[in-house]
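Student: Work out the full structure: start from the sequences and follow the hints.
Residues -22 to -1, 1 to 305 (mature numbering (1 follows the signal peptide of the UniProt record, and there is no 0)) make up the sequence shown, in order.
In short, the hints are calculated from the structure, not lab data.
Treat the hints with care, as some may be off.
Said to hold, decoys possible - BS3-like, lysine-lysine: derived pairs with alpha carbons at most 27 Å apart:
no.	residue 1	residue 2
1	Lys149	Lys30
2	Lys158	Lys27
3	Lys173	Lys258
4	Lys297	Lys65
5	Lys281	Lys158
6	Lys173	Lys30
7	Lys115	Lys12
8	Lys149	Lys27
9	Lys65	Lys30
10	Lys281	Lys149
11	Lys173	Lys214
12	Lys173	Lys149
13	Lys65	Lys27
14	Lys115	Lys173
15	Lys281	Lys65
16	Lys281	Lys12
17	Lys149	Lys65
18	Lys158	Lys30
19	Lys115	Lys281
20	Lys12	Lys297
21	Lys258	Lys65
22	Lys297	Lys27
23	Lys65	Lys173
24	Lys149	Lys258
25	Lys115	Lys30
26	Lys297	Lys115
27	Lys258	Lys281
28	Lys214	Lys27
To be verified - Derived Cβ-Cβ restraints for the label pairs, each shown as a range:
no.	residue 1	residue 2	range
29	Ala151	Glu32	28 to 36 Å
30	Asn236	Gly210	22 to 30 Å
31	Glu252	Thr113	15 to 23 Å
Heads up, the beta-carbon is just placed ideally off N, CA and C, and yes, glycines get one too.
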Amino acid sequence: MHRSRGFNGFVLLMGVFMLCLAANSQLTTDFYSKTCPNVLQIVRREIVKAIKVEMRMAASLTRLHFHDCFVNGCDASLLLDGSDSEKLALANLNSARGFEVVDAIKAAVESQCSGVVSCADILAIAARDSSGGPTWKVPLGRRDGLVANLTAANTTSLPSPFENLTVITNKFAAVGLDIKDVVSLSGAHTIGLAKCGTFNNRLFDFGGTGAPDSTIEATMLSDLQNLCPLNGDVDKTTALDRNSQDLFDNHYFQNLLNNKGVLGSDQILYSSNEAISTTKALVESYSSNANLFFTDFTNSMIKMGNISPHTGSNGEIRKNCRVVNSS
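Tutor: Structure below.
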């Protein structure tokens, strides 16, 4: 008896699905229980030391995991140096921070468990421990990628503060993340700073209209115009959450309801026409229910950490997060 093309196509599709499922199933929360049982304590200790030196490092480490996973998957490709380094991408150059902290964490881990724990897993653990927000059991078992992808980091993968909601949601969808993930992960902006260059287009001539962005609350607009004057220093910073910049809470979403989102890509989650049928209701829900935000943020971080991980024999365990191992 001959099987139909439709049946064969179904079998092929299921095969691909099972391969993907098998890859993700290799990430487990107890992956290092025998090979490096103290890895979580080692990472946390180094993060506490770094944040004591600079509170801003909490947001920087969380952002590294995000920017890594969106390019090539969660493979620590962002940490690689070289001419094709993702560190040179517009979204990362003079912006992505915390590489020295990752180096210190890696050195501490290597001193206890040499050649065992991947840089990609260190980024995932660091993102959980640095935020000061909700906690979760981090699925582990990623291996490190062998190549960086500057082109993707520059052109196709990383969301930009200047993009509209459709473009941003499409970039999330391209890596398997949905509308809820867009909004909940944006909530990480409850901590951290933004440079003038990432939002000054909203302050004086929004979209070539000759006027500031009308969705910025008047007092905050004046404050930001003073901080970031025309032709001023684009590297000056302000808190993304100007009410509680060092606390991981739901004030970020309350700010959006009051037109106090600093980045255009934040405020559009509530104020844009596209938000009406997509993200606005979620912003309202999170603004009044911190526990719901924490739950969804946790789920989205785990989901993001599962973007195309290298597992099994794919990739390697780098000894130095900045370079691939010598052959």
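Student: For each hint given before, does the structure comply? Return the numbers of the non-compliant ones in rising order.
Tutor: When the structure is compared with the hints, numbers 1, 2, 8, 14, 18, 21, 31 turn out to be violated.
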